[in-house]
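Construct the complete structure from the given sequences, taking the supplied hints into account.
Protein chains: 4
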Amino acid sequence: MIIVLKEQPEAQQLQNLEEWLIGLGLEIHHSEGVHSTVLGLVGDTSRVDTDLIEALDIVASVKRIQEPYKNANRKFHPMNSVINVGDTSIGGDVFAKIAGPCSVESEEQIISIAKEVKAAGATMLRGGAFKPRTSPYAFQGMGGDGIELLLKAKKETGLPIVTEVMDLSQLELFADVDVIQVGARNMQNFQLLKELGHSNKPILLKRGLAATISELLMSAEYIMAGGNENVILCERGIRTFETATRNTLDISAVPVLKELSHLPVVIDPSHSAGIARYVHTLTMSAVAAGVDGIMIEVHNDPAKALCDGPQSIKPDAFAKISKDIDTLLETVRGF
Amino acid sequence: MIIVLKEQPEAQQLQNLEEWLIGLGLEIHHSEGVHSTVLGLVGDTSRVDTDLIEALDIVASVKRIQEPYKNANRKFHPMNSVINVGDTSIGGDVFAKIAGPCSVESEEQIISIAKEVKAAGATMLRGGAFKPRTSPYAFQGMGGDGIELLLKAKKETGLPIVTEVMDLSQLELFADVDVIQVGARNMQNFQLLKELGHSNKPILLKRGLAATISELLMSAEYIMAGGNENVILCERGIRTFETATRNTLDISAVPVLKELSHLPVVIDPSHSAGIARYVHTLTMSAVAAGVDGIMIEVHNDPAKALCDGPQSIKPDAFAKISKDIDTLLETVRGF
Amino acid sequence: MIIVLKEQPEAQQLQNLEEWLIGLGLEIHHSEGVHSTVLGLVGDTSRVDTDLIEALDIVASVKRIQEPYKNANRKFHPMNSVINVGDTSIGGDVFAKIAGPCSVESEEQIISIAKEVKAAGATMLRGGAFKPRTSPYAFQGMGGDGIELLLKAKKETGLPIVTEVMDLSQLELFADVDVIQVGARNMQNFQLLKELGHSNKPILLKRGLAATISELLMSAEYIMAGGNENVILCERGIRTFETATRNTLDISAVPVLKELSHLPVVIDPSHSAGIARYVHTLTMSAVAAGVDGIMIEVHNDPAKALCDGPQSIKPDAFAKISKDIDTLLETVRGF
Amino acid sequence: MIIVLKEQPEAQQLQNLEEWLIGLGLEIHHSEGVHSTVLGLVGDTSRVDTDLIEALDIVASVKRIQEPYKNANRKFHPMNSVINVGDTSIGGDVFAKIAGPCSVESEEQIISIAKEVKAAGATMLRGGAFKPRTSPYAFQGMGGDGIELLLKAKKETGLPIVTEVMDLSQLELFADVDVIQVGARNMQNFQLLKELGHSNKPILLKRGLAATISELLMSAEYIMAGGNENVILCERGIRTFETATRNTLDISAVPVLKELSHLPVVIDPSHSAGIARYVHTLTMSAVAAGVDGIMIEVHNDPAKALCDGPQSIKPDAFAKISKDIDTLLETVRGF
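Protein chains in written order, with the working numbering: chain C, 1 to 335; chain Y, 1 to 335; chain V, 1 to 335; chain W, 1 to 335.
Calculated from the structure, these hints are not laboratory results.
No experiment lies behind these values; they were computed from the predicted model shown.
Do not take every clue at face value.
Label pairs and their computed distance ranges (CB to CB) [to be verified]:
| id | chain 1 | residue 1 | chain 2 | residue 2 | range |
| --- | --- | --- | --- | --- | --- |
| 1 | V | ASN84 | C | SER61 | 48 to 58 Å |
| 2 | V | ILE22 | W | THR243 | 49 to 59 Å |
| 3 | V | ALA175 | C | VAL94 | 56 to 66 Å |
| 4 | W | ALA175 | V | ILE22 | 37 to 47 Å |
| 5 | V | ASP57 | W | LYS152 | 26 to 36 Å |
| 6 | W | GLU27 | C | GLY23 | 40 to 50 Å |
| 7 | V | GLU172 | W | LEU14 | 39 to 49 Å |
| 8 | V | LYS314 | Y | ASP316 | 54 to 64 Å |
Backbone N, C-alpha and C define an ideal beta-carbon position, used for all residues, glycine too.
Set out below in structure tokens:
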């Protein structure tokens, strides 16, 4: 960490700062410039609060040299993390294909889709029981009943299930869920993240609409700091000025995340664009970029889907995508 | 609402759509173009899910003519809402000056600041008990003890208190709090919003970093749909590409919100810029733009503040701001 | 085009508007709602200035149904455009590999790089003679001498050359250049675009940092409206809040542009990320997304490059990318 | 400037770097950490190209301590610059009120508006002769004839005129223009900026839609580096995800620019919001934020204006704004 001091810092304040830093176990190196002095801190700075230092009258700016996350950091865990989910896994050799409807609507619907996506190669079943909706007047999901239906579909097909939790108070309903999803709007719901840190279940953590890559990793760190190392990172589009697609898929986040962290990375091409006819293209693009899996909305009747219809594809389109992923993986794994 | 159909829509699907719309109590007007047909819907469309319609194969796009919020909408409530908070209020003649530290740190600290800001003209006391922090290793607030200390400061000074809730499970601790704040990261924590809708306490709802003005109003609608009409809207900066300030204060949001909604609007100049020396300027700018109040971080020793130090001002700076607000209000209310 | 009127529009103004629209050769369809009336316009609306209509007191909003561009529009030109460049082409079966240094620095440098990228499979040579630099104190390129050196490299290798024009006044120096590049900062330099419309040379038009896809197509339309149909669109990253990469590559722009327009689309993975080690990944991602070519910065000594060093790769890295593109193309063309 | 080296930098490369830096007249201070070494550079680093250094294999990152602009920098010119324009000025005691139509349309129109805005207190007349329009099919301005008409209006009223240049080749037509405007889309048209640096006319430089404050100052530096110190900075809204206003007025840019630079700062409330009814509010907000002037679109018949009608106000609305500015200035100058 580097601290740039203002011109002619008040001596007593500087002494206080230095004593405090030494008290944190850090060494201080000085570098005097014409207009400013720079302090270089040596030691474990990951727990130093840069805001505190920036608040001092004598400080002009602070720059971290080391990342503020440890558990999620590849530097301290060079090998890729492989996370087991039921009989399958993510982050290793198996490419995760997570597919299913936006919302669970009925037993017939979820079981029929589960069978179809399994036949097409899905490794996990997704489906929303609790749905975050911008409008209080829109369909909010089946809740606990939806989770029951997902578990039936799991029993029927053997596919592990992925579903979103929206609040701490719902967690007890997730006892038999395989992967708990944290949605983009909850990426910085820190109470929820802390609680999930005490679980041992895999957590699929979606990047917030305005969250930087560094903030996504800090949210993963919240979960991991509690003891749960099973975090799956999900890029699902960020909010920009462009309106041709609902969000802007940040494909560069894939190599950046893979470099900074050992955690598996998946992409959600359905929510990124919000348009079903781009799902194939964006999936192929993500596979070529090196993701560990994709999460796709599939519905047997998108036009009747109770939410997010425009971004759902039909099972036959998913089957084509699934097949093309396998072909593409063979090619890109050869690079 | 307007539905633009694709060229040559399949007849059966079109009939299904029209019957469904009529079933919702809407009238349909047709307008045939060379390349496309447009359906105009007449009636109450606020509860129509546009996503459902956009999902249909025969539909090219959908455009709302009326806003999807009703309770928050000035069209249906032309007069400004005045919200009572203890012996004071917001949204009417009283300009709300909400001041206090980022975090409650000790009894001595909060009571001393409370007295100082009251003497300087504050109408409410703010202070964080539960703190949302990007890093799991940063100070997270005193929790319930912090609320106790705020209540002591209220007893001492008579100032109503404003403090942030981070999760449903904390709500019981807020029984004696005057205004419950929902932070930017929780603006779309819909479970929390719903629960607050069943409260009768004023809610100060902060705009999310990537939330549109329309989404902010939809989140207010969540609370109001539950029966709680006491919502205060707070602009606190949005995330853009500019890095000279921590966030970009969207000053235009003030006239837009005042036009679209009858709810009071406040600005948080401390978090917008994240830099204490801009707080005076941004406050004056907001007062000239017509806000109903401001929320400012004040600390007796910003350099020792346990969080967000760089954006806190000292009590004497707040006293100057408070005085200048009064002078400025006299001028701008004459326009 | 749809015009939403305000409630109770003034009758005389409405009559004026309708007469004016009819005078433009448009038919008007009416649709009366409870709170608003909607006019649907039928006919060629691409030359109607929506700003003019929105300015009217009686108008609430205007929505285009048809795109405001014609020449660039796939609807009126369903087949992909193939643009010939010397002995090669772009937009058809040949995948364009445009490679070369950020700046031309010397005869030895450009000829040596030209030979290396040709050997590695490049189909065109890029190199900057006029360089747009944020700082007036940074190296601004060799100018006309740089173009001379590019032409020598062309003579030596047979590779057509691509280089950027920064101002109308430089155009005469571009007489023997094969493809004229318009940089991101000049995407809306309309005088320049108009002049290029009178040329018959292929124009590589880069998307501006804050330009929407629709604006990029409107800039292409400027060139095409002048008679020059040889426009190549280039996505090179947009400006967002994310700072882990210099810009955010908008990969979704590829399928969107291919759908809306018949013009060839290339991606510049070097400027998108601004980081050399992500160039391979982003290139593969773009190929899988269906681009017609890529433009990559290659330098024999990136650390000594006079500009943009961090994003340049070495010739051997380009050779690997080139080979992997061919392998990947075989796979994705089979989908 | 601070250079953070990667772990275990190659010795020869490090020596090369250090010799090169010393050759630039800089002193180097070392600071060794556990994982990285930091070099602190002392001396004039404003002409050091950080990109060059970042390109080196041994370098992890580079951080500037001093700003890369000198002429525009308040550190080297602590007093506000006052720029004379005809008989008036900007940056000192006189608050600049620049008003006039988006486009010059006819002699009658421009003279009548000029008289009205002068009577209402305008200090300069604005009007577009060359108009940057997104669509090639929209009205592009009267060109040289428009400038002639502006000069007639100047003769009639005595108001200095401000009008936009779009290209170098038009400059000779600007011989009698008082202030040359560089539009947002041309903020980084570096050839144009350089040429304007050789002029002695005041330049009104608008911030680009995606330009940071630092980039705006670097563009001012381009002009000033050529010898022309008469630069007026103009904030006119940036592009963000919010669509309720055409652009997002970055009001915080005012205090930031005033702190970093000695140049006068004006705001364009018409283009920021793109909506006439917000112009009064945003103007008051800008005056309270400390701008040196405002630039407002005024039209005698906004509904018939040939461009940008929705954002133009009528002369009587301008008269009210002008009067309210004076009242407000008296108040805020007392703070």
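To see whether the hints hold, each was checked on the structure:
1. Distance hint check: the CB atoms of ASN84/V and SER61/C are about 53 Å apart, consistent with the given range 48 to 58 Å.
2. Checked against the hint of 49 to 59 Å, the pair ILE22/V and THR243/W fails, with Cβ atoms roughly 31 Å apart.
3. Between ALA175/V and VAL94/C the beta carbons are some 57 Å apart, a value that agrees with the proposed interval 56 to 66 Å.
4. ALA175/W and ILE22/V have their C-beta atoms about 45 Å apart, which keeps the hinted 37 to 47 Å range intact.
5. The hinted window of 26 to 36 Å between ASP57/V and LYS152/W holds, with their beta carbons roughly 30 Å apart.
6. About 31 Å separates the C-beta atoms of GLU27/W and GLY23/C, a value inconsistent with the hinted range of 40 to 50 Å.
7. With their beta carbons about 46 Å apart, GLU172/V and LEU14/W fall inside the hinted range of 39 to 49 Å.
8. The given range of 54 to 64 Å is respected by LYS314/V and ASP316/Y, whose C-beta atoms sit roughly 60 Å from each other.
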